[in-house]
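Undergrad: Kindly produce the complete structure, drawing on both the sequences and the hints.
Residue numbers (our numbering), protein chains in the order written: chain B, 1 to 207; chain S, 1 to 207.
I should point out that these hints are in silico values taken from the structure, not numbers from a laboratory. A few of these clues could be false.
[Unchecked claim] List of simulated lysine to any residue pairs, SDA-like, C-alpha gap at most 20 Å:
no., chain 1, residue 1, chain 2, residue 2
1, S, K84, B, M108
2, S, K150, S, R186
3, S, K88, B, N100
4, B, K12, S, G111
5, B, K88, S, G111
6, B, K12, B, E168
7, S, K12, B, A167
8, S, K13, S, R30
9, B, K12, S, E206
10, B, K84, S, P24
11, S, K56, S, E128
12, B, K105, S, S99
13, B, K152, B, D177
14, S, K88, B, A104
15, S, K89, S, T69
16, B, K88, S, S99
17, S, K56, S, H40
18, B, K105, S, D9
19, B, K12, S, A167
20, B, K67, B, E128
21, B, K13, S, G185
22, S, K48, B, K84
23, B, K105, S, K13
24, S, K13, B, K84
25, S, K88, S, E206
26, B, K105, S, N83
27, S, K66, S, K89
[Claimed, not checked] Label pairs and their calculated CB-CB ranges:
no., chain 1, residue 1, chain 2, residue 2, range
28, S, D59, B, D177, 52 to 58 Å
29, B, G185, S, N28, 29 to 35 Å
30, S, K105, B, E148, 48 to 54 Å
Virtual Cβ for every residue (Gly too), placed ideally from N, Cα, C.
Protein chains: 2
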Amino acid sequence: MDYIKIPMDIEKKSFEIIGEEMGPHDFNERQLQIIKRVIHTTADFDYKNIVYIREKAIDEALSILKKGTTIYTDTNMALSGINKRALKKLNCNAVCYVSNEEVAKIAMERGITRSMAAIEKAVEDGVEFFVFGNAPTALFRLKELILEGKSKAKFIIGAPIGFVGAAESKEEIEKLDLPMITVRGRKGGSSVAAAIVNALMYMIVER
Amino acid sequence: MDYIKIPMDIEKKSFEIIGEEMGPHDFNERQLQIIKRVIHTTADFDYKNIVYIREKAIDEALSILKKGTTIYTDTNMALSGINKRALKKLNCNAVCYVSNEEVAKIAMERGITRSMAAIEKAVEDGVEFFVFGNAPTALFRLKELILEGKSKAKFIIGAPIGFVGAAESKEEIEKLDLPMITVRGRKGGSSVAAAIVNALMYMIVER
Numbered sequence: 001m002d003y004i005k006i007p008m009d010i011e012k013k014s015f016e017i018i019g020e021e022m023g024p025h026d027f028n029e030r031q032l033q034i035i036k037r038v039i040h041t042t043a044d045f046d047y048k049n050i051v052y053i054r055e056k057a058i059d060e061a062l063s064i065l066k067k068g069t070t071i072y073t074d075t076n077m078a079l080s081g082i083n084k085r086a087l088k089k090l091n092c093n094a095v096c097y098v099s100n101e102e103v104a105k106i107a108m109e110r111g112i113t114r115s116m117a118a119i120e121k122a123v124e125d126g127v128e129f130f131v132f133g134n135a136p137t138a139l140f141r142l143k144e145l146i147l148e149g150k151s152k153a154k155f156i157i158g159a160p161i162g163f164v165g166a167a168e169s170k171e172e173i174e175k176l177d178l179p180m181i182t183v184r185g186r187k188g189g190s191s192v193a194a195a196i197v198n199a200l201m202y203m204i205v206e207r
Numbered sequence: 001m002d003y004i005k006i007p008m009d010i011e012k013k014s015f016e017i018i019g020e021e022m023g024p025h026d027f028n029e030r031q032l033q034i035i036k037r038v039i040h041t042t043a044d045f046d047y048k049n050i051v052y053i054r055e056k057a058i059d060e061a062l063s064i065l066k067k068g069t070t071i072y073t074d075t076n077m078a079l080s081g082i083n084k085r086a087l088k089k090l091n092c093n094a095v096c097y098v099s100n101e102e103v104a105k106i107a108m109e110r111g112i113t114r115s116m117a118a119i120e121k122a123v124e125d126g127v128e129f130f131v132f133g134n135a136p137t138a139l140f141r142l143k144e145l146i147l148e149g150k151s152k153a154k155f156i157i158g159a160p161i162g163f164v165g166a167a168e169s170k171e172e173i174e175k176l177d178l179p180m181i182t183v184r185g186r187k188g189g190s191s192v193a194a195a196i197v198n199a200l201m202y203m204i205v206e207r
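TA: Encoded structure:
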């Protein structure tokens, strides 16, 4: 069978097709890198209309990444989708606490989601860079902790997916005056969240 | 803020909404569990039209899962999305070789994708249950190995996503007379592939 076998050729060709098919837009070059990578990850051109990139959000994200940071993700899937070589080159690391035993115990005792208990731990740890691909409850909880002045959050990717609370969680977080990238409405997900992190890292380092 | 904080309540409510919004269909109860879980994972009702479940594929998948098996996934993201508690209850395990050092070395030497080299190792290991969420090249390679009589594949989830080769890889694998579930066209992905595995496992075991 005849098929392209070189990974970088496949990605390059994919991005060309996406560029051809996505039609007219007002994105600048860096925004476009994010939008295209999300479409590449989902094969869904709807993301062209629902990814919201706040002014200066990319600058802030890159500035945090460049100084080396801990990225908190709400799911192990998002964590696993983040390019580890790029992360290492940036002297950054990524963590997720939902499978943490202590977190599971606290969630059980308090009748809250593990995602919520996990975000509390991340906030205690002083995390500045947050990535949400799944859990509306975690995003709601982060907003509460920010309003209480407890969080050091400086940049947020808000992309919870789903039918219960996801859209609302993103509307709520957008009310904060913080650099952020969100996916509006029901869509988003761990793959999308990881794709946004990767797009940002690839603006600074080669893979 | 007032929001649902109990994970199982959130999922139950989500599935109700999906059922209400998805409209008329001809799926039976087990097929519907797969379709709904995929929509739950993507917030994309298009999956109602593009998930292809071959006759007896569910029976075969459940029969393999019940005897305890190794599930091969083409990405660490798909691996990470598979419910580990359900897997353990079934006495099954899941593996992915794309980060395997030996596999990376072989891919580099031969100028092929790591996904292709990884599938060769899985085939050598005698894997029967294959899950593809990302790599068209791996699915093409598996078909070649099956035609050469080298693979013991008994059930395939074919859900590579993307713009180069993804749709074609699924058309090719469908030509084989094997129990399979595929996602037609460009869509699919690691989250979708993992959701299908989970839907199958939840037909047999509680989470």
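Undergrad: If I claimed the Cβ atoms of S:D59 and B:D177 lie 52 to 58 Å apart, would that claim hold in this structure?
TA: 55 Å, holds
Undergrad: Can you confirm whether the C-alpha distance between B:K105 and S:N83 stays at or below 20 Å?
TA: 19 Å, holds
Undergrad: Sort out whether S:E128 lies within 20 Å of S:K56, counting only the CA atoms.
TA: Distance ~16 Å between S:K56 and S:E128 Cα, so the pair holds.
Undergrad: Between the alpha carbons of B:K12 and S:G111, is the straight-line distance 20 Å or under?
TA: 17 Å, holds
Undergrad: Verify the proposed pairing of B:K67 with B:E128, using a straight-line Cα cut of 20 Å.
TA: 12 Å, holds
Undergrad: Is S:K66 within 20 Å of S:K89, Cα to Cα?
TA: Holds: S:K66 and S:K89 sit about 10 Å apart, inside 20 Å.
Undergrad: Do the alpha carbons of S:K56 and S:H40 lie within 20 Å of each other, as the hint requires?
TA: It is violated: about 24 Å lies between the C-alpha atoms, which goes past 20 Å.
Undergrad: Does S:E206 sit within 20 Å of S:K88, going by the straight-line distance between their CA atoms?
TA: With a Cα-Cα distance of about 11 Å, the restraint between S:K88 and S:E206 holds, given a limit of 20 Å.
Undergrad: Sort out whether S:D9 lies within 20 Å of B:K105, counting only the CA atoms.
TA: 19 Å, holds
Undergrad: Do the Cβ positions of B:G185 and S:N28 conform to the proposed distance bound of 29 to 35 Å?
TA: 31 Å, holds
Undergrad: Starting from B:K84, check that the Cα of S:P24 is at most 20 Å away, please.
TA: The hint is violated at about 44 Å.
Undergrad: Would you check the hint for B:K105 and S:S99, treating anything up to 20 Å between C-alpha atoms as holding?
TA: 32 Å, violated
In this structure, the hints that do not hold are numbers 2, 5, 6, 9, 10, 12, 17, 22, 23 and 24, in rising order.
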